[in-house]
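Next come the chains, spelled out residue by residue.
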Amino acid sequence: MRVVTPPVEDFLVREPPFYLPVSGEVDLFAQAAASGLPVLLKGPTGTGKTRFVTHMAWKLGRPLVTVACHEDLTASDLVGRFLILGDETVWCDGPLTAAVRHGAIVYLDEMVEARKDTLVVIHPLTDDRRMLPVEKLGTVLHAAPGFQVVVSYNPGYQSAVKDLKPSTRQRFVSLDFAFPPPELERRVIAAEAEVDEALADALVRIAGKVRNLVDRGLEEGVSTRLVVYAARLVRAGATPRVACAAAFTRTLTDDPDLRRSIEEIVADFL
Amino acid sequence: MARRIPGSRPPGTDGGSSGFLRRAARLVGRETWPPLDRLAALAGPVARLLARDRRTGMAWARKVLAVVETLGEDHARQCTDLLAQAVERDPEEALRLAETLPDHLACVAPADRRRLLRWVGWALDTQPRSVSTLVEHLPALLPVLEDGALRSFLDRGLASPERAAAFLRLESEASREAMASLRPGVALEEVTRILSLYATAHCGQEVRIRAAPPEPIGPGRRGAPRAFADGHDIHLPARMDTFGDGRDFRAYRVATALAAGMIEFGTFDLILDDLPGVWPARREGEVEHERLFRGLGVRSLARDLFGILEEARVEARIEAAYPGLARDLAGHRADLPDDRPPLTALAPVDQAVEILARRAWHLPRRSEEDRELDPGARAVLAVLLPRLERVRRPEADVADSARALVEVWPAVSGLLARSDEPVAGREPGLDPLPGGAQIRSDLRDARAWALDERALALVAALRAVGTRLGLGEARAQVASSDWAETDAWLAAHEAPAGPLAEARDEPSLSPVLREGVDPGHPLSGAGFLYPEWDHTVSDRLPDRVRVREYALARGSSAFADEVLDRRRPLVAALRRQFEALRPDDVRRVRGLAHGDELDMDRVVEDRTVRRAGGSPSERLYARRERADRSVAVAFLLDLSSSTNEVVTGTGQRIVDVEKEALVLIAEAVDALGDAFAIWGFSGYGREQVAFYVAKSFDEPWGPAARERIGAIGWRMENRDGAAIRHASRRLLERPARTRLLVLLSDGKPLDCGCERYADAYAQEDTRMALLEARQAGLHPFCITVDPHSREYLPRMYGASSYTVIERVESLPARLPAIYRRLTV
Chain A
1 MRVVTPPVED FLVREPPFYL PVSGEVDLFA QAAASGLPVL LKGPTGTGKT RFVTHMAWKL
61 GRPLVTVACH EDLTASDLVG RFLILGDETV WCDGPLTAAV RHGAIVYLDE MVEARKDTLV
121 VIHPLTDDRR MLPVEKLGTV LHAAPGFQVV VSYNPGYQSA VKDLKPSTRQ RFVSLDFAFP
181 PPELERRVIA AEAEVDEALA DALVRIAGKV RNLVDRGLEE GVSTRLVVYA ARLVRAGATP
241 RVACAAAFTR TLTDDPDLRR SIEEIVADFL
Chain B
1 MARRIPGSRP PGTDGGSSGF LRRAARLVGR ETWPPLDRLA ALAGPVARLL ARDRRTGMAW
61 ARKVLAVVET LGEDHARQCT DLLAQAVERD PEEALRLAET LPDHLACVAP ADRRRLLRWV
121 GWALDTQPRS VSTLVEHLPA LLPVLEDGAL RSFLDRGLAS PERAAAFLRL ESEASREAMA
181 SLRPGVALEE VTRILSLYAT AHCGQEVRIR AAPPEPIGPG RRGAPRAFAD GHDIHLPARM
241 DTFGDGRDFR AYRVATALAA GMIEFGTFDL ILDDLPGVWP ARREGEVEHE RLFRGLGVRS
301 LARDLFGILE EARVEARIEA AYPGLARDLA GHRADLPDDR PPLTALAPVD QAVEILARRA
361 WHLPRRSEED RELDPGARAV LAVLLPRLER VRRPEADVAD SARALVEVWP AVSGLLARSD
421 EPVAGREPGL DPLPGGAQIR SDLRDARAWA LDERALALVA ALRAVGTRLG LGEARAQVAS
481 SDWAETDAWL AAHEAPAGPL AEARDEPSLS PVLREGVDPG HPLSGAGFLY PEWDHTVSDR
541 LPDRVRVREY ALARGSSAFA DEVLDRRRPL VAALRRQFEA LRPDDVRRVR GLAHGDELDM
601 DRVVEDRTVR RAGGSPSERL YARRERADRS VAVAFLLDLS SSTNEVVTGT GQRIVDVEKE
661 ALVLIAEAVD ALGDAFAIWG FSGYGREQVA FYVAKSFDEP WGPAARERIG AIGWRMENRD
721 GAAIRHASRR LLERPARTRL LVLLSDGKPL DCGCERYADA YAQEDTRMAL LEARQAGLHP
781 FCITVDPHSR EYLPRMYGAS SYTVIERVES LPARLPAIYR RLTV
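Top to bottom, those sequences are chains A and B. Residue numbering for the first sequence follows my numbering, starting at 1 and increasing by one per position. Residue numbering for the second sequence follows my numbering, starting at 1 and increasing by one per position.
Excised from the complex, chain A in its bound form (with noise of 0.2 Å):
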């Protein structure tokens, strides 16, 4: 029978993603994956936990599998099915099973997402075992080197019923994310968006006083991801009023006063 492996060149990240370290979590991260450790990166959307693990899998080296979690992923849907080709039947790998054999890092991102009964097969990765069985090919393969599991949690979501359970938490190394200083933020949105720095220094400040919003109203703060994408917009024609009432007004909040109270905050800058 035929097993069909995607091929580990589609996993290689080429280019070198753009990103400046915060404070140590670089050398974190490689000692982790020096001693085959997983990590668990926790913090708002868009802080960089998914550019970070695409910077650290092109600097490693590795090839990276990234595993979006969503209510309806299947075990079969990580590990691989059986495929009926004309009259023959292969074997796919799934994402997991394609990362254990090529040693590679598998970002499961948003964790929380994925139904506890799936996520159960990564339990013999996380430990000493890096194992994996295939129950349907009768098979368990055991994780090639450099193999390391990374998963994403946003813990701001306040669902009782999608918290991450103590024993699922107990089995990584863990990673703060949050907003960067306002210094490494202008670099970011000015090395991003390709702007000068005088406009992503403005951004970056208009995003810090909208950020002291959060909990009067406004459920998250300005992502730096929201900051890029205003700076693209100013970059590619739009004013920067324009940019700052797209990227940050209308995308926080639908609440008349506070969009006012953050379009006035904007204009304060511009």
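Because the hints were derived from the structure by calculation, they are not lab data. Check each hint, because a few of them may be wrong.
[Claimed, not checked] Between beta-carbon pairs, the in silico distance windows are:
#1 B:A330 - A:Q170: 57 to 67 Å
#2 B:R734 - A:L60: 43 to 53 Å
#3 B:A758 - A:P166: 28 to 38 Å
[To be verified] Coverage of chain B stretches by chain A, computed from C-beta distances (three or more under 8 Å per stretch; other residues unrestricted):
#4 608–622
#5 721–734
None of the values given here were measured: they were computed from a predicted structure. Cβ atoms here follow ideal geometry from the backbone N, Cα and C, with glycine treated the same way.
Here the structure of chain A is known, so what remains is to put chain B in place on it, guided by the hints.
Leaving out everything else, chain B in the frame of chain A:
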């Protein structure tokens, strides 16, 4: 007190005026009638009125002389004429008008009196039945509405006499809308939240917007709308109508920005003892700059100068940081009419202050400055203006403004001493500019004072051990109310080893931060006994609190019925939404070894595997299972006395808003089918924490539960820790996969029935109770209406386990949405 009137013939119809007056005087019980000649011109009209309608005539005759004396003969005659018209149309209204018109007329500014009478005349022609109601409200309406706008307002309001009173009192929604649309300018209440969010974003701390006290009216004052910063809150005029168009909002905005800038750029961070010189000892409730003014002698003058310098300093910082705002500020100033007082109207020292202010505000130079300026003022300005430039430098801080004030003081006070003005009693001389901000610490509330006192004490305590700390930093430290962190922070900031090391044991440090330790004695006996966490000793105090459980007596279902009726569309929508969340009754479970039916997908897969030579699977069956959401939720209501407070703008008490929210969420959760309980707690002291059961898990949501919700009322204190521990116990008795404890709160945990249960102790105990609940597998969540809760909730509940409801009145609509997010 109507007297019986002898005789039936109406008196004095023949124009014999003084004869009539004498008779009238006898009738109304006054034997001597003051200068009759002054009434001569009125005698005829009054007599005619008396002839037409005796009661109205008598009432008016009693008042008319006082009206002449206080409001003048003209107004008295006009009133008499109006009354004569009134009796023709509606005698009852006329009588009421005779009783009340003079008083209301006296209430309005002299310039508006003729206007008021004109409007009464208009009402007599068009709305005679509402005229007395109108008179009652005209004094309030005249100053705020122009005649045209007033006409539209009255046309809408007086159409129905029954509703006129409520309309004119601005109690009806329609009237408020009408008023808002007709008045020029912007009312503070329309923009309070926008400005508060705006200032909060700028300062990074909760900044409330409050209405400033009305401006004093005095000779020579133009009564410009004034804004004040007190270092915590911002006080704005209730209305901004300088321009009568969109620029009025800009005026609000620049005033808010300047006041917020004073917070952001440290106007209130002065520490006087850092300045050279000997300053008077601090009095309680005195901010540092006021202490400086007291030290200088003439406070009003010092306050003016310091205010100008600080405003200029902050403005320079704002201009550097916020280019857009700088443009708006300049645009605002340019649009203002140039109505500054002429220099000739000012004493020399006030001339100097005025010129300094004009320069600080970048107002254009006036030609009079060359002609009219007093030589003494000119000399003082030569000292003042370079200081103004100095405080505008980017590195200047509040101490530089204070230093500048101290340096110019000899020259300024010398000029004041040479002038004729009484030195000590100088009134605040500077007329403010609309859209500016003034420093006024006396408007602070108790909370702000307490915060500042603690911050100053912290600064002093640290200085005693040789560590310098800015007041702003200290304030942030104290406000965070995160005591464990403060302790750690203190430890890190304490003096390094060396000669000062002994000072670590200095007892003056701790009393600032915590009260003495009182171990208390364990309790025994009836009720539920719970431990309490004492963070000062990092240990549990066993059997420290007694919780007693009470089933609430059944009250009336009127409250719930009213809510369900008033909110009917919302209730229907909620029930629909939550029913949709109800999991499908049956769910197909696949991949079973035994089951009711074959799972065709699996069978095909299995066939494929077999053909490929793989190992066959046995899991080929599916079964239909009843789905189970398995959520149990308890709503725990804080019933402390503060929930008795009325929510501004709605007239509802906090506790009633919370009850309303409970009724709605109960409907929603009931539709969803989750098990739920409704509990409340209060009490007084550690011996008697009361736990009220409005609806238990086992009881259906029905009339009995609704009646008990109706019976919920505010009680005394809130000892959150004990209540959470008891609620956890009850909730843990409930088997469910997800167990949620939702606390509805309006403030910090506090039990005044015990000296210790406040601040850090109470918060740390609550935090520990929540930690215990979480460890037991519960999900605690706090919904609070306290705007300051961000200072303490993150530590107690964790960053993502609480929600602050900005506007209390929105709680009923928000709660179901929060619940849905929590459990789906």
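Structure-based check of all given hints:
Under the hint 57 to 67 Å, the C-beta atoms of B:A330 and A:Q170, about 59 Å apart, fit the expected range. Taken as a hint, the range 43 to 53 Å holds for the pair B:R734 and A:L60, whose Cβ atoms sit roughly 49 Å apart. Evaluation of the 28 to 38 Å hint for B:A758 and A:P166 yields a pass: the beta carbon distance comes to about 33 Å. Residues of the segment 608–622 of chain B with a Cβ under 8 Å from some Cβ of chain A number 8, which satisfies the need for three, so the listed coverage holds.
Counting residues of the segment 721–734 of chain B whose CB falls under 8 Å from any CB of chain A gives 0; the rule of at least 3 is not met.
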